[in-house]
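Asker: Take the sequences, apply the hints, and build the full model.
Residue numbering for the first sequence is 1 to 260, as defined by this note's numbering.
Calculated directly from the structure, the hints in this document are not laboratory data. Beta carbons: idealized from backbone N, C-alpha and C, even for Gly. Fair warning: there could be bad hints in the mix.
[Said to hold, decoys possible] The following label-pair restraints were derived from C-beta to C-beta distances: (1) Lys175 <-> Arg208: 36 to 44 Å; (2) Glu74 <-> Gly26: 20 to 28 Å; (3) Asp157 <-> Asp231: 38 to 46 Å; (4) Gly167 <-> Lys246: 33 to 41 Å; (5) Ser10 <-> His87: 23 to 31 Å; (6) Tyr62 <-> Gly181: 24 to 32 Å; (7) Lys120 <-> Ala84: 34 to 42 Å; (8) Leu46 <-> Lys246: 30 to 38 Å; (9) Arg208 <-> Ser118: 38 to 46 Å.
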Amino acid sequence: MKISTWNVNSIRVRSEQVLKWLERSGADVLCLQELKAPEEEFPYELFKEAGYHAAVAGQRTYNGVAILSKEEPEEVSIGLSHLAPDHPLNEQRRIVAATVGGVRVVSAYLPNGESLESDKFPYKLEFFRELRNYLDATFEPEGKLCLCGDFNVAINDIDLYNPEERGESILVSSKERGALGEVLDFGLADCFRLHNKEQGRYSWWDYRGGMYWKGEGMRIDYLWATRPLADLCVASDIDESPRRWKRPSDHTVVWADFDV
DNA sequence: ATGGCGTACACCGTACGA
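Answerer: See below:
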């Protein structure tokens with residue numbers, strides 16, 4: 001079972017690229033982030049023709065997440081479901097969960113935070129804390145769970161190109177790493193790191209300044225699995241090829257193959 | 001170098017991303 005995740009930065013702009021990647025990879029599940037479109041503008045038909053169901057939590061202009069899957073998704077849930085639907089952390093469409101082939105899959109677009117001084121930064125930290133509470137309230141570390149998406153944190157210094165220059169700044173600060181570490185400590189393993197130990201492997205490169213071509217990026221997109229699922233992870237990697245296609249997203253695909 | 005580039009919405013600029 002091949003599970004994958006991709007921040008597409010607008011599903012309407014990138015739908016043909018998503019189809020192309022699905023055809024090439026044969027992925028069973030693809031989690032999407034930053035749809036930037038409401039449900040009624042999601043290209044359901046296009047993916048249905050390619051053999052994929054879609055569980056969508058859409059939003060116009062900002063955010064929006066989805067799970068594409070060959071098998072029909074079950075028990076679809078939108079948002080941090082342990083909180084009220086009108087809770088401030090559920091106003092933005094950042095979480096969708098579904099059960100596919102016996103695996104609970106969560107597609108997550110975690111807040112960016114903007115800067116350490118921004119009002120959006122405490123919102124980011126609060127979202128991380130409640131994401132951990134969501135896992136505690138909804139799942140078991142002994143079950144098969146895959147939490148993946150754009151987490152907007154480079155969790156270790158080897159996950160960015162210029163750690164010494166960045167110091168304490170957005171995407172790398174100790175507060176963000178600590179709060180995301182609490183999520184990891186639910187009992188999750190970073191699937192990419194099970195199979196790749198080297199520095200300099202990234203999932204996002206800024207459009208500005210040709211950062212991809214300079215090899216200067218960050219690993220901020222992840223695929224994390226509970227132990228019972230991680231133990232079945234036979235391969236995992238970042239596929240940079242979509243970042244080199246014409247009119248790319250600034251993020252690329254992370255995938256993991258599980259022997260289930 | 002808070003710029004760079006890209007997307008959305010809408011209006012010909014502004015907000016936002018990371």
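Asker: Against this structure, judge whether each hint is valid.
Answerer: Going through the hints against the structure:
no., hint, verdict
1, Lys175 <-> Arg208: 36 to 44 Å, "violated (25 Å)"
2, Glu74 <-> Gly26: 20 to 28 Å, "holds (22 Å)"
3, Asp157 <-> Asp231: 38 to 46 Å, "violated (27 Å)"
4, Gly167 <-> Lys246: 33 to 41 Å, "holds (36 Å)"
5, Ser10 <-> His87: 23 to 31 Å, "holds (27 Å)"
6, Tyr62 <-> Gly181: 24 to 32 Å, "holds (27 Å)"
7, Lys120 <-> Ala84: 34 to 42 Å, "violated (21 Å)"
8, Leu46 <-> Lys246: 30 to 38 Å, "violated (18 Å)"
9, Arg208 <-> Ser118: 38 to 46 Å, "violated (19 Å)"
Violated hints for the displayed structure, listed by number in ascending order: 1, 3, 7, 8 and 9.
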